[in-house]
Amino acid sequence: MDKMNNENGNELLGELRDELYAGVTRSDSQLELERRKLIDRIGHEEPERAPRKGLVIGFSLGVAVAAAALALFVLMPLEEQAPTAPISLSGLWRVGPGDAVSRGREIRVPPNAGAKLVMKDRTTFWLGASTRASMKDGDPSTIELTHGRMLTVVTPRRTGSGLTVETPLGNVVVHGTTFSILVDGESMRVRLHEGTVDVISAGETIPVSRGHQVEVRRGCALVVSPVDRAGVLADLMIAEKTADLDGPPVPRIDPAVEKPASTTRDHLDPVIDGTPKTTPSDKARDPRISARDGRKKDPAADEIETSEVVEEKAMEEELIEEELFTKAYVEAQAGNLSTGRKLLEEYLSAHPDGRYWQRVADILGVEASPR
Amino acid sequence: MECILTEGMTVERREVHDDRDLVRRAQAGDREATGDLFVLHSHAVRRLLASVIGPGADLDDLTQEVFLRAHRSLHGFRGKSRFSTWLHRLTVNTAVSHLRKMKNKQVLMDPVVLEVVAGDDSASVHDSAMGREMVRRLYRILDTVSHKRRAAFTLFEIEGRSLASLAEILGISRASAKSRVWFARREITRKASDDPYLGPLLRELKQ
Numbered sequence: 026m027d028k029m030n031n032e033n034g035n036e037l038l039g040e041l042r043d044e045l046y047a048g049v050t051r052s053d054s055q056l057e058l059e060r061r062k063l064i065d066r067i068g069h070e071e072p073e074r075a076p077r078k079g080l081v082i083g084f085s086l087g088v089a090v091a092a093a094a095l096a097l098f099v100l101m102p103l104e105e106q107a108p109t110a111p112i113s114l115s116g117l118w119r120v121g122p123g124d125a126v127s128r129g130r131e132i133r134v135p136p137n138a139g140a141k142l143v144m145k146d147r148t149t150f151w152l153g154a155s156t157r158a159s160m161k162d163g164d165p166s167t168i169e170l171t172h173g174r175m176l177t178v179v180t181p182r183r184t185g186s187g188l189t190v191e192t193p194l195g196n197v198v199v200h201g202t203t204f205s206i207l208v209d210g211e212s213m214r215v216r217l218h219e220g221t222v223d224v225i226s227a228g229e230t231i232p233v234s235r236g237h238q239v240e241v242r243r244g245c246a247l248v249v250s251p252v253d254r255a256g257v258l259a260d261l262m263i264a265e266k267t268a269d270l271d272g273p274p275v276p277r278i279d280p281a282v283e284k285p286a287s288t289t290r291d292h293l294d295p296v297i298d299g300t301p302k303t304t305p306s307d308k309a310r311d312p313r314i315s316a317r318d319g320r321k322k323d324p325a326a327d328e329i330e331t332s333e334v335v336e337e338k339a340m341e342e343e344l345i346e347e348e349l350f351t352k353a354y355v356e357a358q359a360g361n362l363s364t365g366r367k368l369l370e371e372y373l374s375a376h377p378d379g380r381y382w383q384r385v386a387d388i389l390g391v392e393a394s395p396r
Numbered sequence: 070m071e072c073i074l075t076e077g078m079t080v081e082r083r084e085v086h087d088d089r090d091l092v093r094r095a096q097a098g099d100r101e102a103t104g105d106l107f108v109l110h111s112h113a114v115r116r117l118l119a120s121v122i123g124p125g126a127d128l129d130d131l132t133q134e135v136f137l138r139a140h141r142s143l144h145g146f147r148g149k150s151r152f153s154t155w156l157h158r159l160t161v162n163t164a165v166s167h168l169r170k171m172k173n174k175q176v177l178m179d180p181v182v183l184e185v186v187a188g189d190d191s192a193s194v195h196d197s198a199m200g201r202e203m204v205r206r207l208y209r210i211l212d213t214v215s216h217k218r219r220a221a222f223t224l225f226e227i228e229g230r231s232l233a234s235l236a237e238i239l240g241i242s243r244a245s246a247k248s249r250v251w252f253a254r255r256e257i258t259r260k261a262s263d264d265p266y267l268g269p270l271l272r273e274l275k276q
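Order-wise, the sequence lines are chains P and H.
Going by the numbering used here, the first sequence opens with residue 26, and the numbers climb by one from there.
Going by the numbering used here, the second sequence opens with residue 70, and the numbers climb by one from there.
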């Protein structure tokens, strides 16, 4: 320890560097071996990369990472660019803001993957697994969805200019909304979470409002029905798959549809005169509604407020329960049965009177009972 | 082409190329030129990786990774800075992403045991053991410091880079580089205040 007390020059730093850099120097032969190895690795890598050179995307597609199967795409239309081969996503592709993808090129999402497409005006499309979609060549306001599931959040600006989604079974004209479309061979389902859309199929136009879905089958009449929980969760899953990627946040999808008859709060409340009816529960659930309501409160309304607080507390508990159920459901749907079972256990112990335990147990294919 | 024999194998001695010429050729897809850039710069890259990551790093693999990344993104090098600066920035980024990966995996480095050599009190053995212990203790503290501060501290204090060079490599202003080193030094000094090995070293660095 004598040496350490000797603060003379940079002796200690010298010792530290000697130790740290001991393995840095390479002999000429080692260096040559490493050099050859590098050249071999580059040679090995380049033939794999060669086909991608043919894709005229107008920018570098970034780094491909094999571990994950999610994708973030930022679309910027290239006018007058001829359609070329489809873009097949595999692994993780990341494209930065301002990068461009040519119109007319089909984007194919592989199974077990998802993609997020963000337009310059922040209109966002979440594409589910095995989806095929493209920006229509020559028409900036049209998206073609050939197959698969697409969840969309349309910005007001986009609404002004109009957006149409074309599918083999009909078109959806968007009026500013959060909605999803599932196209699967002979059927198409449009599900509304916010706003309104018009579904046009076989010459028939059906306006669809919040909390409703419309099903189109080839040769059949359009069927409108309330959105079911399974559908909401399926849409949540698309968004959650890409939640870790950059870009606009996952849209708000109200998980509280299909309430039991005993509840007084009906989230399927239809649109009245084009304006969604706002209930106290809406206020509690939707932070945007609460934020907008910044008026000074009337002291005479204290009693009402108190009851609202109680109601909000109950709703909060309910939401926690639903969140747990949703997690278990999503895990089960994704095939992560062990995680799903674990969450089910957690759900059952936290909510012995829970409303959803049987459904979770059914999905997971396990026998369970509340304690 | 002159050939020399080193450790039982033939090594081609290459002509010394100007960086810019090699970079141009490498950008055009000449793999041999990338190989030559490797020969020219690998020592500095290895040293930089060792500084930022510390003991236990697989320098061979990481150096290959740096040059592979460099080859992939060489088309983006416009020659506005020196190639070495560009490469060193890439090296620091590679080192930081390696540290992140290690942190995510929660892989703990094998502890380095202080060697005790009974009956041998020669200065070299003593120095070596003490150097190893200093390195171990310093990087254990650096593992708790943010990657930005870690990079600034190791490049400035251990590698001995100037503030200007540090700023260029990290892509920040000179003032930011200075403050980053200052904050890093303060944090490390605080964490190592009671350490009999690091205390004198940090005082030495301060001078």
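Bear in mind the hints are in silico, worked out from the structure with no lab data behind them.
All C-beta atoms in this analysis are idealised placements derived from N, C-alpha and C, irrespective of residue type, glycine included.
Treat the hints loosely; a few may be bogus.
Said to hold, decoys possible - Quick look at which bits of chain P chain H covers, simulated, 3 or more residues with Cβ under 8 Å: (1) 36–48; (2) 62–70.
Said to hold, decoys possible - Computed list of chain H residues with no C-beta within reach of chain P, every gap over 10 Å: (3) Arg-89; (4) Phe-136; (5) Arg-259.
Said to hold, decoys possible - Derived list of chain H stretches under chain P, where covered just means 3 residues or more per stretch with a C-beta under 8 Å from a C-beta of chain P: (6) 118–132; (7) 264–274.
Status of the hints after comparison with the structure:
Restraint check on the segment 36–48 of chain P versus chain H: 11 residues with Cβ-Cβ distances below 8 Å, three needed, restraint holds. Note: the segment 62–70 of chain P has 7 residues with beta-carbon separation from chain H under 8 Å; the three-residue rule is met and the coverage holds. No beta-carbon of chain P comes within 10 Å of the beta-carbon of Arg-89 of chain H; the shortest separation is about 20 Å. At roughly 5 Å from the closest C-beta of chain P, the C-beta of Phe-136 of chain H falls inside 10 Å, breaking its exclusion from the interface.
Listed as a non-interface residue, Arg-259 of chain H keeps its Cβ farther than 10 Å from every Cβ of chain P; the least gap is roughly 19 Å. Look at the segment 118–132 of chain H against chain P: 7 of its residues bring a Cβ nearer than 8 Å to a Cβ of that chain, three or more, so the hint holds. With a cut-off of 8 Å between beta carbons, the segment 264–274 of chain H has 7 residues touching chain P; three or more are needed, and the interface restraint holds.
The structure is inconsistent with hint 4 alone, although it conforms to all the rest.
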